[in-house]
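Participant: Chains D and U, in that order, give the protein sequences.
Mapping of the first sequence onto this note's numbering: position 353 corresponds to residue 342, and the numbering continues sequentially without gaps.
Mapping of the second sequence onto this note's numbering: position 156 corresponds to residue 145, and the numbering continues sequentially without gaps.
Some hints here could point you the wrong way.
Identical chains blur together in the list; that is why a pair holds if it fits in one copy or across any two.
With a straight-line Cα cutoff of 27 angstroms, these simulated BS3-like cross-link-like pairs (lysine-lysine) come out [as the list claims (entries may be wrong)]:
| no. | residue 1 | residue 2 |
| --- | --- | --- |
| 1 | Lys29 | Lys327 |
| 2 | Lys413 | Lys170 |
| 3 | Lys110 | Lys413 |
| 4 | Lys29 | Lys206 |
| 5 | Lys12 | Lys242 |
| 6 | Lys(-6) | Lys29 |
Hints listed in this document are in silico derivations from the structure and should not be mistaken for laboratory results.
Protein chains: 2
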Amino acid sequence: MEEIKVGLLGFGTIGAGVVKLLKENSALLTEKTGTRISLKTIVDLDITTDRGVCTEGITLSRNADDVLTDPEISVVIELIGGYEPARSFALKAIGNGKHVVTANKALLAVHGEEIYAAAKKNNVEVLFEAAVGGGIPVLSAIKGNMAGNRFSTVLGIVNGTCNYILTRMTQEGADFAEVLKSAQELGYAEADPTFDIEGVDTAHKLCLLLSLCFGTKIDLKDVYSEGITSITSEDVDFAHTFGYRIKLLAIGKMDGGQIEARVHPTMIPIDYPLADVHGVFNAIRLTGDFVGPVMFYGRGAGMEATASAVVGDVVDLARNLCAGITRRCSPLGFLDDKVTTLPIKPIGEIVNKYYIRFQALDRPGVLARIAGALGARGISIASMLQSARSADEVPIVITTHDAREEDVRKALAEIDTFEVIRSKSTYIRIEDNLE
Amino acid sequence: MEEIKVGLLGFGTIGAGVVKLLKENSALLTEKTGTRISLKTIVDLDITTDRGVCTEGITLSRNADDVLTDPEISVVIELIGGYEPARSFALKAIGNGKHVVTANKALLAVHGEEIYAAAKKNNVEVLFEAAVGGGIPVLSAIKGNMAGNRFSTVLGIVNGTCNYILTRMTQEGADFAEVLKSAQELGYAEADPTFDIEGVDTAHKLCLLLSLCFGTKIDLKDVYSEGITSITSEDVDFAHTFGYRIKLLAIGKMDGGQIEARVHPTMIPIDYPLADVHGVFNAIRLTGDFVGPVMFYGRGAGMEATASAVVGDVVDLARNLCAGITRRCSPLGFLDDKVTTLPIKPIGEIVNKYYIRFQALDRPGVLARIAGALGARGISIASMLQSARSADEVPIVITTHDAREEDVRKALAEIDTFEVIRSKSTYIRIEDNLE
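Model the full structure from these sequences, guided by the hints.
Facilitator: Right, here's the structure in full:
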């Protein structure tokens, strides 16, 4: 095949990166695929702003149909983001027999089933390496060379904004609100950062990781999701005292046929490689029954890193097209009819160690009452720390041995009714028992 | 395709892992490939020893031809290791139209060109993910999703034995010889550890990484290689004082059309993720022009992890065979006729920072003479440390700014003639300027 024509929907930051890569490394791509990968048309509502990349020889259009109905275009790169019109465009591209490459985790986490089914029906491919971990080629590895493994655990630091904020809170002892403000000024957080800081973006990515690791459909609604907005600099300090760092983790585990699917701030030991993932970097750590623990680390976002993953998918497609085949591997790595729907373990039933922070009046017997309420629910204390008194109110911090989430919640609800407790008690799950 | 029949040459540790994986995860492999991957025949000189894995239904033979000439077998897994008879067997398999999966870095580093040419001629594939980094799927990622990048640097901790020894030297302050002895007793080092501790195994793996990153043939003879036998516990201590850890690194760099290809003990900053790769774990860090820095981390050796990579290659082949194609991607990721022979930069011309340790008599003017000899070669000192005197002889340790290797060698040759210098001065290269 002499040439493969590509259409691009969405000329934002990543789109500009893709244009740049396809232009600058065009010869390299030919050396690796044997074909010319040529970007024919870019569609965006704004086709006048200069993105700082050369678009010579590329048609710029405001009309998606200029890509979606162009019979010359065999590969559509969707970088619009969000649910609509991304969903309609992807389905139309598929319906017209075009392969789709997308970085859109929101789209796939919510409408993946519909899109994969349409792709199967139309015998085209849907590739989405860039949807998780930016440039890190983790999805390809799960579907590809690690395919022989049954995975037991996947942990991911997959949201650069949250990791940037937590890193600065850790390094500077700063508070969440002030770091968020600064991150927004520096462009590391959106003007409306809700999707990032509330863990929604991380939950989207977890859905994709779970589908690939376990060959299961995941309903985003079933993913427990908690953001980083309630993390205080005090928690960061106490974490350090206990030998932990706080990271927003996507956590997926296979537990006796049930799947744990949860996103929340997590304390991990300082000497775990994941604890050293700083700033906007991402990392994904998987455990397979044969490969054991494997970690992938790299830039989780940004114009160029994400473009690397997008173009990597285009290379994959180009090699298939040159070989005259399609769907050599299905979107989730499992044959479509082998994808099941595994049950999700309710969050109340998960078992973790916990860090719990109480804000209490400094009165005799407070500790005994807290310990008693925890003990009555079978929650056993591993360590305890009461800060030097600076006022009448003191933070009391404990870590627990393994406890059931539901029991912890009930115990805290009871403890919070004590008149000596001055504000709602908070807790952070601890993950320190990885193989 | 209903079934793909596989033959295994070499029933050692990794071979047993492959048998175990193909047996235990057989159903999973079918769910991911749509075909049954069935191990028909195992060949080994020893077919009586119990390897602790079930071989029911598999033919065991001492005759390689039972695999190499069996028309039913389409995939041959070569796990004999070493040059011969592995080379002859691989070539015969290829000549008979069989695809080859191998973990044999020595074979490919030395005879790769011959084997790739034979594979091209016979239209079969040669896959070797397990040859570098055990279970870590780094080669697939370079050839696959990261294919759009021009790489500038590849750094690897790819020899578990060396990393285990250096880790224990660091953690225990122990000497090389005593840790090596203990490593041998524990099975982490071979009875004859030469290939590992002299850096030869690491150089083999570097050859493969360079070929895939840069699309070039590499002659093993051109790879500068230096092992860890001369590292002392004193060096480990001084490294710590300067904020470094010592790792045996495979280093590949693209430098203006020339390639740096070298293996040597290297000081890296303690806060680099690579510095946290402990024990028998491996890690490979690459920098691509778009993806930026990416690191892969996992088990670099062992029965099960390596089997994961071997079977991953078999899955790749199975997907091709089911699609009715072959050589969708050539062995090095670049089309065969695009693989070039880039020049290797002579070791004398590389530029590094250096750690240098002198053993000198404690006399006035020694430092001035050392500094003078270095300065005369344009080598500028970044930091200096003279230990508290415990005898008439003292170690003097310096780190330099960027200097040319040849200049450092000449300066040390001169300094070593000074009568106050009591033994050969040693140096370790520093790598602390990574993007």
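Participant: Since the copies are identical, ignore which copy is meant and state whether Lys413 and Lys170 lie within 27 angstroms (CA to CA) inside a copy, between copies, both or neither.
Facilitator: Cα proximity of Lys413 and Lys170: one copy only (25 angstroms, versus 57 angstroms across).
Participant: First find the shortest C-alpha distance between Lys(-6) and Lys29 inside one copy, then the shortest across copies, and answer within, between, both or neither for a cut-off of 27 angstroms.
Facilitator: within (6 angstroms within a copy, 44 angstroms between copies)
Participant: When Cα atoms must be at most 27 angstroms apart, do Lys12 and Lys242 count as within-copy, between-copy, both, or neither?
Facilitator: Close across copies (24 angstroms), not inside one copy (41 angstroms); limit 27 angstroms.
Participant: One pair to classify: Lys110 and Lys413, alpha carbons no more than 27 angstroms apart. Within, between, both, or neither?
Facilitator: neither (52 angstroms within a copy, 72 angstroms between copies)
Participant: For Lys29 and Lys206, with the copy left unspecified, which applies at a CA distance of at most 27 angstroms: within, between, both, or neither?
Facilitator: neither (35 angstroms within a copy, 35 angstroms between copies)
Participant: Check Lys29 against Lys327 for me: Cα-Cα at most 27 angstroms, and say if that holds within a copy, between copies, both or neither.
Facilitator: Cα proximity of Lys29 and Lys327: across copies only (26 angstroms, versus 36 angstroms in one copy).
Taken one by one, the earlier hints fail for this structure at numbers 3, 4, listed in ascending order.
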